[in-house]
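*Asks:* In order, the protein sequences belong to chains A and B.
Start counting at 1 in the first sequence, then tack on 61, and there's your number in this note's numbering.
Start counting at 1 in the second sequence, then tack on 8, and there's your number in this note's numbering.
Relax, there's no trap hidden among the hints.
Here are a few chain A residues that face chain B, going by a calculated C-beta distance under 10 Å: (1) L83; (2) I218; (3) G301; (4) V339; (5) L344; (6) Y346; (7) V347; (8) N350.
Here are a few chain A residues that sit away from chain B, every Cβ distance over 10 Å (derived from the structure): (9) D108; (10) Q128; (11) P147; (12) P224; (13) E276; (14) R286.
Note that these hints are calculated values from the structure, not bench results.
Ideal Cβ positions, reconstructed from N, Cα and C, are used throughout, including at glycine.
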Amino acid sequence: MIPYIIRRLLWVIPVILGVSSLVFFFIHLIPGDPVELMLGESAEPADKAALREELGLNKPILQQYTQFLWRLAQGNLGRSLHTHKPVLQSILARYPATLELTFAALCIAVIIAIPVGVMAATRQYSWLDNGSMFLALLGVSMPNFWLGPMFIILFSINLGWFPVSGRGGWNHLILPAITLGMAMAAILTRMTRSSVLEVIHEDYIRTARAKGLRESVVIFKHALRNALIPVITLIGLQFGALLSGAVITETIFAWPGIGRLTIEAINKRDYPLVQGCVLVIALSYVLVNLFTDLIYSLVDPRIRYEK
Amino acid sequence: MKNRLARIGLFIISLLVFTAIFAPFLAPYDPTDQKMEEGLNPPSPEHPFGQDRLGRDILSRIIYGSRISLGVGIVTVGVSLTFGLLIGSVAGYYGGLVDQLFMRIIDILQAFPGILLAISIIAILGPSLNHVILALCLIGWVGYARIVRGQVLFLREYEYVVAAKALGAGASRIILHHIVPNLLAPVIVQATFGMAGAILAEAGLSFLGLGAQPPTPSWGSMLNEGRQFLLVAPHLTTFPGLAIMIVVLGFNFLGDGLRDMLDVKSAD
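Isolated chain A, as found in the complex (with noise of 0.2 Å):
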């Protein structure tokens, strides 16, 4: 357990470096001049001159690498363009609210997908079981950018049962989290059904079936437990999914998130800021990769002996 923990772990180092190499290079594949491009055309000589040594650009490019991975081990990701607060500072008071809604937008998913799941495989073919899959493929294919305007429209306008946007309450929650774990929910269906389906044929179901265990505790007990592994890794795939997801909903709702600071950035060419967004919810990406695949080797053992 302990190399394949070690191995794991290592392993991050050069991703991390690559990730973060890959957010350094963005301000130089910027066609033209990027200071004139924040700036704007019409800026005075001095103040192109002021950002361009602030930003390092006036150095060898092998030195501003060097320089941003030092700053960045230390956690300095510059300063914000538009409001010249540090940049981390700007991430971290967005990043609990992106948080929020990625975790209830993940139970959500889960509270949906393993019972109908469930069902599903243990009515196979039956009107339930092909009613869930196609509402599931329905998930799968709807927008969340045109699902959070209909929420919007029917329950928020016409109902007026929840706020149309913002950060608040839990009643704020419900519909910014539903319309970013709808398509998860989704996956999360079929990738159960067919989890389950698979543990169901095997021999210590049937195993005990014979002993004469109520079916209800040889599914749950028995069946679920196994069939829950590949889902476990699914779930913790997809989290990344919910954070990138969530620059569109955190739009659609006006949720104050990190999602939203990078559109913001976006249009406002604070690269900087952009850099930091990228960056952040990228590693935030590679580190629930990581923390899946070691409740993985946790919880399935073969998983440590692979090579």
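Dock chain B against the given chain A, drawing on the hints supplied.
*Replies:* Showing chain B alone in chain A's frame:
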């Protein structure tokens, strides 16, 4: 059930292709024709889907928008598939350092959630439909390369490949004539889902204002414009969204059906 859904999917896709090709004959109005005095008019017999802020006919814009969605899907999947096939087969066939190098690049690219990488690329290059296609291709090839590499690793050990090698066939001949034809099933399934993903991604990016720019009638940018009038003119948002959902559903139905028909497990 699956076969029936696949047939429905194929029907939806055929309808999309037909609409895109014959858009000038099917659209009742010019999609850019403005009638300011009729702005935000609700659906009526003359304009079944209503009119937008500038009085343009929403049905005509949706019909022309099918060209953008289909075009983005075909180009993105075509380019991503070509590069994925090339890189995946070279990495899988040669193995060793070449394989390691490509796999590490893939690992790093996959460390980014897809849409975030696309947003970052567009943030650098500036909002436009061409940049959306470029961004989607840059992230799209990775999935195909992974599948192809896995299949090549498996297929290269088969007797008929070993026999071709023993007969003196070159690497390119073995890859093109013996390996690629046998790995097409999972790739076709992935490409079908890829079309759905590309159409959804283009619409999402255009919704964020990063894709097609006005007055191009893209379904995503129509949704973005409609968002501002959600309270007074919900029809601006409803119909383009329905169009996206139906088309994406069509590709997902077909992909699911093909996966079952071709008995593909690795495409998941």
